[in-house]
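The task is simple: from the sequences and hints, build the whole structure.
Taken in order, these protein sequences are the chains called A, B, C and D. Each residue of the first sequence is one higher than the last, beginning at 100 in this note's numbering. Each residue of the second sequence is one higher than the last, beginning at 100 in this note's numbering. Each residue of the third sequence is one higher than the last, beginning at 751 in this note's numbering. Each residue of the fourth sequence is one higher than the last, beginning at 751 in this note's numbering.
All the pointers check out, no bait thrown in.
Listed below are the simulated DSS-like cross-link pairs for lysine-lysine, each with C-alpha atoms no more than 27 Å apart in a straight line:
(1) D:K972 to C:K1054
(2) D:K875 to D:K764
(3) C:K1054 to C:K764
(4) D:K778 to D:K875
(5) D:K1054 to D:K764
(6) A:K186 to D:K778
(7) B:K186 to C:K778
(8) C:K972 to D:K1054
(9) C:K778 to C:K764
(10) A:K117 to A:K212
(11) D:K901 to D:K978
Hints were generated in silico from the structure; no laboratory data involved. All values derive from a computational prediction rather than experimental measurement.
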Amino acid sequence: MGTIIENRQLAADMFLCKVSGCYAGDMGQFYMLRGWTDYPLLSRPISIHDVHEDGITFLYRVRGVGTANMSQLRIGDELQLEGPYGKGFPQVNGRVGLVGGGMGTAPLLYAAKQLIRAGTRCEAYLGFQDAPFRVDAFERVLGAEHVHVQQGGSVVDIVDIAGCDHLFVCGPTGMMEALWQQVRGTNAILHVSVEKRMACGVGACLGCSGVRADGGRYKACTDGPVFRAEEVDFDDLYVL
Amino acid sequence: MGTIIENRQLAADMFLCKVSGCYAGDMGQFYMLRGWTDYPLLSRPISIHDVHEDGITFLYRVRGVGTANMSQLRIGDELQLEGPYGKGFPQVNGRVGLVGGGMGTAPLLYAAKQLIRAGTRCEAYLGFQDAPFRVDAFERVLGAEHVHVQQGGSVVDIVDIAGCDHLFVCGPTGMMEALWQQVRGTNAILHVSVEKRMACGVGACLGCSGVRADGGRYKACTDGPVFRAEEVDFDDLYVL
Amino acid sequence: MISMSCNIAGVSFKNPIIMASGTYGFGKEYSRYYALEELGGFCTKGLTLHPRVGNPGVRLYETPSGLLNSIGLENPGIASFITNETDSLQQVDTVKIVNLGGGTIEEYVEGASQLEEHARHEREKMSAVSPVPRFRSVDMIELNISCPNVKQGGMQFGIETASARTVVRAVRQVTQLPLIVKLSPLAHDIGEMAVMCEEEGADAISLINTFSGMKIDINNRKPVFHHKYAGMSGPAIRPLALRLVHLAAQAVRIPVIGMGGIVTAEDIIEFTMAGAAAVQIGTYNFVNPRAGIELRDGLEAWMKAHQVSDLAEIRGIV
Amino acid sequence: MISMSCNIAGVSFKNPIIMASGTYGFGKEYSRYYALEELGGFCTKGLTLHPRVGNPGVRLYETPSGLLNSIGLENPGIASFITNETDSLQQVDTVKIVNLGGGTIEEYVEGASQLEEHARHEREKMSAVSPVPRFRSVDMIELNISCPNVKQGGMQFGIETASARTVVRAVRQVTQLPLIVKLSPLAHDIGEMAVMCEEEGADAISLINTFSGMKIDINNRKPVFHHKYAGMSGPAIRPLALRLVHLAAQAVRIPVIGMGGIVTAEDIIEFTMAGAAAVQIGTYNFVNPRAGIELRDGLEAWMKAHQVSDLAEIRGIV
Ligand SMILES: Cc1cc2nc3c(=O)[nH]c(=O)nc-3n(C[C@H](O)[C@H](O)[C@H](O)COP(=O)(O)OP(=O)(O)OC[C@H]3O[C@@H](n4cnc5c(N)ncnc54)[C@H](O)[C@@H]3O)c2cc1C
Ligand SMILES: Cc1cc2nc3c(=O)[nH]c(=O)nc-3n(C[C@H](O)[C@H](O)[C@H](O)COP(=O)(O)OP(=O)(O)OC[C@H]3O[C@@H](n4cnc5c(N)ncnc54)[C@H](O)[C@@H]3O)c2cc1C
Ligand SMILES: Cc1cc2nc3c(=O)[nH]c(=O)nc-3n(C[C@H](O)[C@H](O)[C@H](O)COP(=O)(O)O)c2cc1C
Ligand SMILES: Cc1cc2nc3c(=O)[nH]c(=O)nc-3n(C[C@H](O)[C@H](O)[C@H](O)COP(=O)(O)O)c2cc1C
Ligand code: FES
Ligand code: FES
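So, in structure tokens, the structure goes:
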């Protein structure tokens, strides 16, 4: 249970929410959030956007009843959050490209922060269909010259793949798959953050199951949400 | 759909809520309120507490999920309300005693107002188990000398039945029945406001059915909620 | 360009939105919110041959996203309905469906016969020259076989196909009014039940009636409801209802009227894709007294946005 | 003064709170929130003789106050369970119930035999002197008869009493482990089904497994789930589950373990008053990972506040 200290609208449907308290978590991990008691039934998986000494932030897009409810919360309201859950982005060596599409930029800010903290060089490639958001936050972490924004069109086109040893991507499946087409065969390693419907978040329900490239199954909540691109069956990611 | 312009805590569980707009309604009528979209399923019947030019007020006690939800609403929030519903207190001649217990005082303020407007003399007898609330509002309408407060014990004990031609009562069934024991056989006419679970509020579901003294049935939402005491079976009012 | 009209058993509906029995009184209760003419049609409160006072005690209890009710078929009886309600129903240009209940076969049959006779009289009177345009007060019968079978110890007629068959057959024999049979979700085999109705000459089926649920008042250590169990409706049971509608629609060729927890235009589309020729709206009327008009407008808007000009294009597509 | 312990089929439970199969993995998933020892017991994810990959496509869909799931019994198979899970289960002092599924009688029987054999081995090893205290890894079998009967075209074993009887009888013959039979809410006659279990020597019954529901993706014009229908659980179906538990408890003398949508201590009391000897918690684990410990504390608090020192005082009171 945390207390909301910020819940600010950034763009059409995008909100930034900060919950006070001392929270753990690594880049790419997520929390199960609920800003309500009984309804809707399930909590909602939301990635860690940033962690500060005085709180944790989430960046979310209003989609349905749960996120709409969250967007109504005000400073002082309580929010339940359980986590951190999942296997996030790995600490890697070499140059990292962070590639985010829309709401998929959410986990990449904290990734940028943790990578920079570890002395890893990184570039951010952020794509937006409409007005960009949180670009300033990326710029503060990485320096403006390392943040590349694409508005409309495909962010994949602007990624300097050859300049990266690792790529962390989060966004619509089509965008992630397009990037994978570009990356596969190069020396860069692509880490994708997948989305599946989740009930428990802890590996107990087998509801977030996805298909591995080898035909086997993974649990997005505990084996993921981050996988190496070659491990996952992209077709299956379109099923949500 | 109305906009909340006030939602103030008066006592432990008591709230006063004002919704802006021009609303119709007579004393003893009620509205079906919902301060939420989907959950809980049904709207909640709440009596008209007062009607002003700029809005309508409701006085409510937090009981379960619906009223708890209402208590969380803030200025500017939307509230759905349908009504006015039901057959309220009648305009009568002679001296009127208004007898309310706890939350049951809610419909009596507007009754006081409408009676005074019509030139009817009236006295209010207000009983509270704990701290009294809204006594000031009654005093503004009736004059302090016409408002009699009983804290703890039974408000029935302080009612000047002989001095009344009509009595309007709303409160716990036990209190209303005790008053009826005192009133029956006198010349005073007792009008009781009954409570039943309601779904539609418009007479369509037959869910709010109660037992008449003659064994027949009434619909609390359209035949009532106000009845002459001799019309209703009090035993049945304990079933809720 | 968009047509919402549909035809069920030779009766034409302006749109597929029908108000469900027991949630819409005799039609006038919601007329302060919109004109009944806006609806495809509505079903009356369940009627029985003789008047019934209904159940004592608590009749409503809210559950998570659902509603338990135990009204117990409180109704004025068919004779009183004919005397007091049909004149005003004749003024309303929408499809009126009389929901018919009963505790014995005889009761069902006698009830249906009286409705049939009333309808015949009315037809005759109407063919005589009349200065004001008038409409029939009873366009169809919806046979509610979820009533407890008094002779068989209170077990519903609608559970076993054989038991239901006797009712449907007997009622079919005494009326030429278009006959809808309303199925219970407690039916052991919903597909078999649907096929039986088709075999016995029903013109359509509707489903589902309420599920059966229980609530205990733990403080008083007693069931909330006098008869222990009560009927459950509302969004909570929508996925269960949708499956049964899908099963029934796959089983028969007569039109299937779907219902159970519908609250949005998208829900109507869902039931249509599952095979429903029309839908009924029950509990949602309580939640939103403008349900009829808002769902009609919402359905039209959905059809426009999705370029569906007739629901037949998507009916039973799943 | 307050005792929450209960005894089912000779197995003693610290409290009546058991985690439901398929919602609790193999027990360790929630151990970051509280020690498993706090629970009365838990049921494993449903196991089958051979490993299963489970269903393709969407596996979860939320509905109003409910959850549809179509996991499709993804599990590592019994041999793998015995090899990989039982050692750690031996460290845990709570009742472990293995939930057993199958698509044919042979599969059920072979699965039960392997569990029986494992249990016998374990008992023998344990009676040998051992430095660390250890507990059995399999205390009971919960027989899930809601599995689709592969040989009979996918119709569940748990619908017709006769079909279910063959499974229960066959499994009973091959194991001496206490046997709980888990009933499906789709059973045509839940009382008859319960009596059958009692007749066939089951030590207890549990109910309900999930209801069956449907959801259509109207934009794609397809069912959301690969197998069209999916299992429904959660608060939405609680009133329906409670009624079935009440019916079953009235029909038999063996203990009845009740479940379906339980989320509060009051819900546990409600099922207890309907006759449940213990309860299972499923979906609520997802909503609140501290469900086990919070419900246990809540139950104790309720008993204190209402001066109930043993749940036997209120069990089946309704
Ligand atoms: C690991 C993970 C991290 C995520 N991080 C973020 C984030 O940082 N910011 C953000 O805006 N969104 C994020 N999402 C997506 C977010 O969970 C969904 O948008 C949200 O659950 C929608 O809930 P709703 O009630 O608004 O929508 P509804 O459509 O009403 O939700 C209905 C049900 O479907 C599920 N659901 C719907 N859409 C999705 C989805 N895209 N992914 C998973 N489940 C879904 C919901 O959880 C819920 O159970 C993440 C998803 C996952 C799996
Ligand atoms: C005509 C009428 C006028 C009323 N006026 C007022 C008023 O002015 N102020 C006020 O505080 N209360 C009033 N009540 C009582 C009020 O409706 C209930 O307290 C409220 O519905 C409780 O809702 P809940 O969600 O908080 O409680 P819950 O217990 O969660 O409600 C569950 C269900 O039970 C119904 N219910 C619970 N208690 C009652 C009750 N006492 N009467 C009717 N239905 C009930 C609810 O409507 C709901 O459907 C009135 C009731 C009626 C019938
Ligand atoms: C209060 C109430 C009364 C009902 N009375 C009847 C009835 O008299 N006859 C009948 O066939 N169905 C009756 N029903 C069932 C509804 O017509 C409908 O089948 C059911 O409620 C499911 O639809 P819903 O979820 O949209 O409400 C009643 C339902 C409710 C809620
Ligand atoms: C995701 C999920 C998986 C389930 N898997 C199984 C299973 O493998 N075996 C079984 O007998 N029941 C299974 N169930 C049913 C539950 O054990 C329980 O009977 C049902 O969910 C009702 O309880 P609830 O409403 O508390 O969840 C599963 C339920 C869910 C939600
Ligand atoms: S969400 Fe339950 S296993 Fe992943
Ligand atoms: S609340 Fe529906 S008839 Fe009174």
